[in-house]
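Student: Listed below are the residues making up each chain.
There are 2 protein chains.
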Amino acid sequence: MSQPVFVLIRPQMGENIGAAARAMWNFGLDRMRIVDPRDGWPNQRAVAMASGAGRLLDEAGLFDGTADALGDRTHVFATTARARGLTKPVVTPERAMEMTAEMIGRGEKVAVMFGPERAGLENDDIARANTLINVPVNPDFASLNLAQCVLLCAYEWRRQTGDAQAERVELAGTEWASNIEMEKLAEHYESRLDEAGFFFPEHKAEGMKLNLRNLWSRMPLTRADVQMLHGVLRQMVRWKERGD
Amino acid sequence: MSQPVFVLIRPQMGENIGAAARAMWNFGLDRMRIVDPRDGWPNQRAVAMASGAGRLLDEAGLFDGTADALGDRTHVFATTARARGLTKPVVTPERAMEMTAEMIGRGEKVAVMFGPERAGLENDDIARANTLINVPVNPDFASLNLAQCVLLCAYEWRRQTGDAQAERVELAGTEWASNIEMEKLAEHYESRLDEAGFFFPEHKAEGMKLNLRNLWSRMPLTRADVQMLHGVLRQMVRWKERGD
Numbered sequence: 017m018s019q020p021v022f023v024l025i026r027p028q029m030g031e032n033i034g035a036a037a038r039a040m041w042n043f044g045l046d047r048m049r050i051v052d053p054r055d056g057w058p059n060q061r062a063v064a065m066a067s068g069a070g071r072l073l074d075e076a077g078l079f080d081g082t083a084d085a086l087g088d089r090t091h092v093f094a095t096t097a098r099a100r101g102l103t104k105p106v107v108t109p110e111r112a113m114e115m116t117a118e119m120i121g122r123g124e125k126v127a128v129m130f131g132p133e134r135a136g137l138e139n140d141d142i143a144r145a146n147t148l149i150n151v152p153v154n155p156d157f158a159s160l161n162l163a164q165c166v167l168l169c170a171y172e173w174r175r176q177t178g179d180a181q182a183e184r185v186e187l188a189g190t191e192w193a194s195n196i197e198m199e200k201l202a203e204h205y206e207s208r209l210d211e212a213g214f215f216f217p218e219h220k221a222e223g224m225k226l227n228l229r230n231l232w233s234r235m236p237l238t239r240a241d242v243q244m245l246h247g248v249l250r251q252m253v254r255w256k257e258r259g260d
Numbered sequence: 017m018s019q020p021v022f023v024l025i026r027p028q029m030g031e032n033i034g035a036a037a038r039a040m041w042n043f044g045l046d047r048m049r050i051v052d053p054r055d056g057w058p059n060q061r062a063v064a065m066a067s068g069a070g071r072l073l074d075e076a077g078l079f080d081g082t083a084d085a086l087g088d089r090t091h092v093f094a095t096t097a098r099a100r101g102l103t104k105p106v107v108t109p110e111r112a113m114e115m116t117a118e119m120i121g122r123g124e125k126v127a128v129m130f131g132p133e134r135a136g137l138e139n140d141d142i143a144r145a146n147t148l149i150n151v152p153v154n155p156d157f158a159s160l161n162l163a164q165c166v167l168l169c170a171y172e173w174r175r176q177t178g179d180a181q182a183e184r185v186e187l188a189g190t191e192w193a194s195n196i197e198m199e200k201l202a203e204h205y206e207s208r209l210d211e212a213g214f215f216f217p218e219h220k221a222e223g224m225k226l227n228l229r230n231l232w233s234r235m236p237l238t239r240a241d242v243q244m245l246h247g248v249l250r251q252m253v254r255w256k257e258r259g260d
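Going line by line, the protein sequences match chains A and B.
Be aware that the first sequence starts at 17, since it is given in our numbering, and climbs by one per residue.
Be aware that the second sequence starts at 17, since it is given in our numbering, and climbs by one per residue.
Calculated directly from the structure, the hints in this document are not laboratory data.
Computed from a prediction, not measured in an experiment: that's the story for all the values here.
Each hint should be verified, as a subset may be incorrect.
Since copy identity is lost for identical chains, a pair holds within one copy or between any two.
Simulated crosslink set (DMTMM-like; lysine to aspartate or glutamate; CA at most 25 Å straight-line) [claimed, not checked]:
{"id": "1", "residue 1": "K104", "residue 2": "E183"}
{"id": "2", "residue 1": "K220", "residue 2": "E183"}
{"id": "3", "residue 1": "K220", "residue 2": "E203"}
{"id": "4", "residue 1": "K200", "residue 2": "E118"}
{"id": "5", "residue 1": "K104", "residue 2": "E197"}
Extracted from the complex, chain A is given alone in its bound form (with noise of 0.2 Å):
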């Protein structure tokens, strides 16, 4: 799938660029602009800081000026952290994303740009945006770096857009216990503590099993928690009958 290039608008420090190559491709985006960083390009701090994000900076485009590196983008995002005295629609990441995503699906080019660290973008460049980003932060303290930032519209990028399951289970080398092994791991305990007087006094024994057994049941077991709790059993069984 296609995908928004991130653009950074006249970026100070190197290695707040080499972060942002490293939240970027963290959520898998790879095509990064720069326009007239502060330091020059190529930049030696922002090779170090991105390590195996580094590809990112080779391939990145240089531009000079705002207008050039959004040439062929038919939607540009501009990231803003306060109102701007613009009339402009303005969207969380989360919705930016989406958008995002449905105008690539329909062959647009979609460009997010992203300020300077200090004082972020000006109202020259946000003018050029078709839409701005605004991330719901606590509005006592707002204070996400240029990295943060790219982050988390990279990480609403791949939410949009990835397969990741919101819940699932990691089985360690296992499965779920079917119905007939819990039916035999109650069964097991229920015959064994009778053995040992569990059910006690009598008249409570009924409900007292019933509680067991609701008990297993509402465990999620796996066939390998059912054999540990089986060999539990059998151990105390077994110390019993060695009367030590």
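Since the structure of chain A is already known, use the hints to place chain B on it.
Tutor: Quick look at chain B alone, frame taken from chain A:
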């Protein structure tokens, strides 16, 4: 609303503890617990990095062991980057924070554990968790650091519980143009362009007028935009009348 506690297990670098505090507070979370930090506690590097979020460090609970730190919790999540060979439910950060909001809503006390920078949580810690959180990163490049993992979980907490509108328009001191204002704009342009001989040849005039009206109606214009477009046209007429 109550919130989950984020528990840093044996964190190594003070800077990362400070960055984790900032990441939490960016999304309105301020209950941190710390288990056995490598460089002792308090940690000046953590304080320096936390800056505006230093209160979280002052108020953080310090514990000798994981069991103590989790003692009062009813549900524990553990963040992991890789499979651990322990049978356990695994969820995305999104699902984890949705579950957390539900559980807190019914009075449960939730913790989210984060492991040390280098190796992540040990299996002894993982075994104490009810549920694992796995960030769906690029399988070819999974290099999230501690503060980034905290950031994504905190972001998802706010996304699940906050009131951020997915989409809104920042209206800079104006409001949307009404239908009658759009109508008058269309008429103004149509009549002046008629005078100017724009709708030519005559057999195409009706179609051109329709297309022009349709163009206006596709534009999401504010009252300020409409005034500007009236002004543009008036100025062109004045310029023509000056005859220079």
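Student: Run every hint past the structure and note whether it holds.
Tutor: Here's how the hints hold up against the structure:
1. Taking CA atoms no more than 25 Å apart as the test, K104 paired with E183 passes between copies only; the shortest distance there is 11 Å, against 37 Å inside one copy.
2. Taking identical chains as interchangeable, the C-alpha atoms of K220 and E183 are never at most 25 Å apart, the minima being 40 Å within one chain and 60 Å between chains.
3. Taking the shortest alpha-carbon separations for K220 and E203, only the intra-copy value of 18 Å comes in at or below 25 Å, while the best inter-copy value is 89 Å.
4. Proximity of K200 to E118 under the C-alpha cut-off of 25 Å is found in neither arrangement, the shortest distances being 52 Å within a copy and 35 Å between copies.
5. For the identical chains of this complex, K104 and E197 are inter-copy neighbours only, at 20 Å across copies versus 62 Å inside a copy, given an alpha-carbon limit of 25 Å.
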